[in-house]
Amino acid sequence: MKHTTRKVVGLSLVSLTGLAAFVMVAMLALILLDVVRGGWSHVSWQFLSQAPTDGMMGGGIFPALFGTAALTLLMTLAVMPVGVLTAVYLHEYAPPSSLLARAVRVAVANLAGVPSIVFGLFGLGFFILFVGRGLDHALGYEQLHWAQPGILWAALTLAVLTLPVVIVSTEEALRAVPQEHRTASLALGATQSQTLARVVLPGALPGILTGAVLAISRGAGEVAPILFTGAAYFLPDLPTSLNSQFMHLGYHTYVLATQSPDVEATRPLLYATVLVLLLLTFALNLVAVLIRTRTRRKAAAGH
Amino acid sequence: MQEQDLAPPVALPMLSPAARRRQLKEKAIAALITAVAFTGIAALVLILVFVAKEALLLVTDAAAREEASFSKMFLPQLVRKGKPLAYVWQPVSGVPKVSMIPLFVGTLKTTAVSMLVAVPLGIFGALFAAEFAPRRLREVLKPTIELLAGIPSVVLGFFALMVMASFLQDTFGFTSRLNAVVAGLGLALAIVPVIFTVTEDALTAVPRSYREASLALGATPWETAWKVVLPAAAPGILAACVLGFGRAIGETMIVLMASGNAAIVSANLGDSVRSLSATIAAEMGEVVVGSPHYALLFFIGVELFLFTFLLNMLAGVWTKKVIQRLKGGAG
Chain D
1 MKHTTRKVVG LSLVSLTGLA AFVMVAMLAL ILLDVVRGGW SHVSWQFLSQ APTDGMMGGG
61 IFPALFGTAA LTLLMTLAVM PVGVLTAVYL HEYAPPSSLL ARAVRVAVAN LAGVPSIVFG
121 LFGLGFFILF VGRGLDHALG YEQLHWAQPG ILWAALTLAV LTLPVVIVST EEALRAVPQE
181 HRTASLALGA TQSQTLARVV LPGALPGILT GAVLAISRGA GEVAPILFTG AAYFLPDLPT
241 SLNSQFMHLG YHTYVLATQS PDVEATRPLL YATVLVLLLL TFALNLVAVL IRTRTRRKAA
301 AGH
Chain S
1 MQEQDLAPPV ALPMLSPAAR RRQLKEKAIA ALITAVAFTG IAALVLILVF VAKEALLLVT
61 DAAAREEASF SKMFLPQLVR KGKPLAYVWQ PVSGVPKVSM IPLFVGTLKT TAVSMLVAVP
121 LGIFGALFAA EFAPRRLREV LKPTIELLAG IPSVVLGFFA LMVMASFLQD TFGFTSRLNA
181 VVAGLGLALA IVPVIFTVTE DALTAVPRSY REASLALGAT PWETAWKVVL PAAAPGILAA
241 CVLGFGRAIG ETMIVLMASG NAAIVSANLG DSVRSLSATI AAEMGEVVVG SPHYALLFFI
301 GVELFLFTFL LNMLAGVWTK KVIQRLKGGA G
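Protein sequences, first through last, are from chains D and S. The working numbering applies: residue 1 is where the first sequence begins, and numbers increase by one. The working numbering applies: residue 1 is where the second sequence begins, and numbers increase by one.
Chain D on its own, in the form it takes in the complex (with noise of 0.2 Å):
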């Protein structure tokens, strides 16, 4: 009899945590179909290359599709060099149980966890208010020329933002380096410094690509930072300098959703928009993924 509970328990047990995992994937599922359904019909070569024309209730997404991929591309330069060189300080400089790596460590974390609205926040008051205002003075501007929402400063703040995405996982990358190839290149002779660019950059550089497409897919979806940083509601012209305003995917995808004049006759519009946001954030997850599990299988098998 006893016997039996036991079973029962077990069994109920086991099948409501598969029940958990189930709903899960199912709303995954759900929020897939629901998308793909919406806006399959709708996604033309047109509809990528066109402006929106009729105030946002026609044409396409061109101008959108292009800010994203500007914004992003700004902010991958400038968030790269810095995460990569900090996770080369934390895995092959720093003394072990430094004081200042264990710092960089609770600051990364801690980094990771800061909402994104106060990122915001931040780039409005750091970046538009304060370089940007030093900037004017120093440079002589009369009118509002850096301390003004732009490009720039939007990307800047996203990289503020991915930069614990790029520091975890070239460490991770790093860590995946085998340390005899770092004993056999100074046994050589070869210096720290040589030992890096030569040897253990070139074998954490899958890893870092990794880490590379995650901050790109992280970056390209936020809107919070952006919304007072450089987001524009409607711009048909391209971006065409640093501190011009740009449009982009994710803010369009708010206005369409919240500020429609006509909720009906922009849903396809925007089902459209979002099915090709989340096309472009899973295929760069994707790449990230398909880099690691192909440099995974080349370490298992080469070493």
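It should be emphasised that the hints constitute simulated quantities derived from the structure, not laboratory data. Any given hint could turn out to be false.
[Claimed, not checked] In silico EDC-like pairs for lysine to aspartate or glutamate, Cα to Cα no more than 16 Å straight-line: (1) D/K2 <-> S/E223; (2) S/K27 <-> D/E92; (3) D/K7 <-> S/E223.
Given chain D, put chain S in place with the hints provided.
Here is chain S on its own, set in the frame of chain D:
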């Protein structure tokens, strides 16, 4: 003194000029890399300093001090003559009303709903993945959750707004279509991957010897999972919940899109709510730079920063605890 007489002073090795140059170069590179490593710390400090700097107006500026004093922010105020004292957030009316209580209530309501859904879902799901699922299934489950984590929050907000809101209204008959339940369920989608991943890590960190010992004593696999593995990983699971909580408090776009954005103080989860983060996002666009209202929005930012900072430190301590406990126990 004596020693110096006995032994000749040790000569420094003479480096060739080229070697000395190389040594200098190495030192410069190491210094540069160390300097860059300060960026993370600098970023965290700069964020707090520059968000707090804009909020400082509430203390330094007389007009701001008058309009948004701490008593007006946190104590009930007389809103209209003859009416009872109340908490009202209406910073742009003729007489600005700046009580933060409705925003706190709104944030807590959406966060509570999301935690009620995401904590059991995340922990049970992780338990399934770590203990019960066959290897094949686990290898599908983990990337799927990663995919869920990769969905931009604006898309989750869109889904909550367009699909979940109507469905929930039809099912439960909410008076306001957008409310704390809709926003909370949207938030749950965002934090479930966090809770799942951290819990799963904590569970898989439990040494195999624990499981083998339990099974050898005659416990069934589910008894082992429930009474041995789960308690051993408890601090890590707590850390997962705290991280999820922090994420839910700070998340902006989902709440901005799906909560209805009405600053109402009530216990009813079916009412529209306005959260701290969504208030910043919604009002910063139209605010006059340097006004009391502007400083207030930055003050909310400081609150969010400090809140989540504390939660993160707490989660960090607990994660360390699980590692220590397992190391100590196994060794």
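### Task
Measure nothing beyond the straight line between the CA atoms of S/K27 and D/E92; if it is 16 Å or shorter, mark the hint as holding.
holds, 14 Å
### Message
Checking one constraint from the list: CA of D/K2 to CA of S/E223, max 16 Å. Satisfied?
### Response
Roughly 14 Å between the alpha carbons, so the hint for D/K2 and S/E223 holds.
### Query
Are the Cα positions of D/K7 and S/E223 separated by 16 Å at most?
holds, 10 Å
This entry satisfies every hint, going by the numbered hints stated previously.
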